[in-house]
Amino acid sequence: MTEPVPTLDVSLRPEHVAAAAIATDRFYAEIPEIAERYGARGREYAEHDHAYIFAWAVDAVAFDTPELFERNALWLHSVLTSRGFPHAWFVHTLELVQLVAVEQGLLSEADAARVVGDVIPRLPAMS
Amino acid sequence: MNGSTPHTPGLGSLPHEPYLATLVAGSPRKARFVLEDLLNQGHSVAAILEDVLTRAMESIGDLWQEGLLTVAQEHLASAMTEAQLAWLAPLLPVHASSSSLILLAGTPGELHGLGLRMLADVLSADGWRVLNLGSSVPEDDLVELVARRRPDVVGLSTALTTHLRDTRSIAAKLHALPDPPVVLLGGAAYLGNEDLAKRVGADLYASNAPQALELLRPMLERGLVAEDTNTDADVRPRDLALPDLRQFETASAARSVGVARLDMQGRILAANAAFERLAGGAVVGLPLESLVADAQRALVRKLVTGARPSWSDTFLGFAQDEEMVPVDRAARVGRVGGEVVVVIEPTTAEADRVNEGLLALVRDLVETQRSLETKTTELKAALDEVRSARLLLRKVQGILPICMACGRVRDDDDRHWVTMREYIAHTDAIALSHTYCPTCAASGPSE
Chain A
7 MTEPVPTLDV SLRPEHVAAA AIATDRFYAE IPEIAERYGA RGREYAEHDH AYIFAWAVDA
67 VAFDTPELFE RNALWLHSVL TSRGFPHAWF VHTLELVQLV AVEQGLLSEA DAARVVGDVI
127 PRLPAMS
Chain B
1183 MNGSTPHTPG LGSLPHEPYL ATLVAGSPRK ARFVLEDLLN QGHSVAAILE DVLTRAMESI
1243 GDLWQEGLLT VAQEHLASAM TEAQLAWLAP LLPVHASSSS LILLAGTPGE LHGLGLRMLA
1303 DVLSADGWRV LNLGSSVPED DLVELVARRR PDVVGLSTAL TTHLRDTRSI AAKLHALPDP
1363 PVVLLGGAAY LGNEDLAKRV GADLYASNAP QALELLRPML ERGLVAEDTN TDADVRPRDL
1423 ALPDLRQFET ASAARSVGVA RLDMQGRILA ANAAFERLAG GAVVGLPLES LVADAQRALV
1483 RKLVTGARPS WSDTFLGFAQ DEEMVPVDRA ARVGRVGGEV VVVIEPTTAE ADRVNEGLLA
1543 LVRDLVETQR SLETKTTELK AALDEVRSAR LLLRKVQGIL PICMACGRVR DDDDRHWVTM
1603 REYIAHTDAI ALSHTYCPTC AASGPSE
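Going down the list, the sequences are from chains A and B. Just so we're aligned, residue 7 is where the first sequence starts under this note's numbering, counting upward by one. Just so we're aligned, residue 1183 is where the second sequence starts under this note's numbering, counting upward by one.
If you are wondering where the hints come from, they were derived from the structure by calculation, not from laboratory data. Because the structure is a prediction, the values reported are computed rather than measured. Just so you know, nobody snuck in bad clues.
Which chain A residues face chain B? A few, computed with CB under 7 Å, are given here:
id, residue
1, S17
2, D65
3, T71
4, R77
5, S88
Ideal placement from N, C-alpha and C gives every residue a C-beta, glycine not left out.
Excised from the complex, chain A in its bound form (with noise of 0.2 Å):
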């Protein structure tokens, strides 16, 4: 990861880069290895793609458009693991994108389950 971390969009609400901050914890504390293997270059990329993944599903959501989430979220795995992101990694991210949403009041369980956890399964064990 040589590229710079790309500014957060302007569009981006408050609410899911605050989810972003309490995932992305969640997951450096579940899975150290990351912080030695990306350093903090790297939790700087992972706030910025929680962000957009919280984006996505909450705007799937109120656009009442599961693919909007599904297209994004395969979209990010091909990115990430094209580049050595593991893809378990990746799983556990959406698992706590689920979680998080739910807890912080953005999605409904049901809708969480129904936009995100649908996605998981369906993710290519590319690595």
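Based on these hints, arrange chain B on the given structure of chain A.
Relative to chain A, chain B alone:
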């Protein structure tokens, strides 16, 4: 998120891989050759834009997604494709000229402007007056401009799904205006899903440029009827960036692009050779208006003298009259450094004709040169022969057979052996003059 986004597949049948290969290799010159080859094979500019450029850029996004290209390579590919658009777009055939105005913009945060630009070019060629604001336009500024300019259609491009909420907000504000425009939505964010676009606020949804053209054509045709009602305030700048003009000007010496500079009254101050050829003769000192068809004059006058110092709409090319050659092509008016400039691009067929003419001229010159070389060789040989003959003649002339006994000499006129006196008397070149030598003169005349 970076660069690439999900997309709908390309529609066309032209191969885009050769062009894609030049993008990956980062070779703008080869990219140009590939596109020129396609044009020479007779493919339309519209097909090349949709089937080749669009699909190649989608593939570039896929390659980035798979980690096979860096962001820098992706940006280079975008810049290269923009550069190709700059020369391809003026080759789009202009079908009509309408008062219908479309305003195009990317929603806030959108960094993808290439698709918008391509759409702006094809709409402009189709007859629309296009106001392209480019990517990432702030919501309030966009709505305020729409309220002021009152376009017939507002086209909003959205590549990232995270921008759909903003798009919905903008669409709602546009619909609430006293004179609301038709809202056309498009872009990768809709995943080809028209229902989603309608939920966001679309009156019309197009997944690609050709579809947008078809959907908008009825509105364009209504604008054609209203053409004569244009006012100065309706003159819209065309989205052609200043560097494009400089590219045209730089290229004009080597290529057949016509470039002319105008004074503030629209009179031509200077024109390159290509411009005069395309216009059918000398144009310096003439008002640009006088070169165009009657129906175009009012529009050209407004473009040239309009208050906005930016690119204007395309207008149809030059008129036919007794002196002028008919030219049916797009021309553009704009300003650079306070000067009004007109740029016209020849059609491919014309460029071909010019090239064929030049080729024929070169062939003639080569043949003439070869013929001259052959004749020179023949002349040299003939000259050598003459020289040899002369030498021989001198030699022959210098030998006179003489009898060692009687002193008679051989006459070549079949007189054979004659006295020296007789020989000389019969030689044309020598005449005998009777006189005395000094010795004989001293001894007195003989009997």
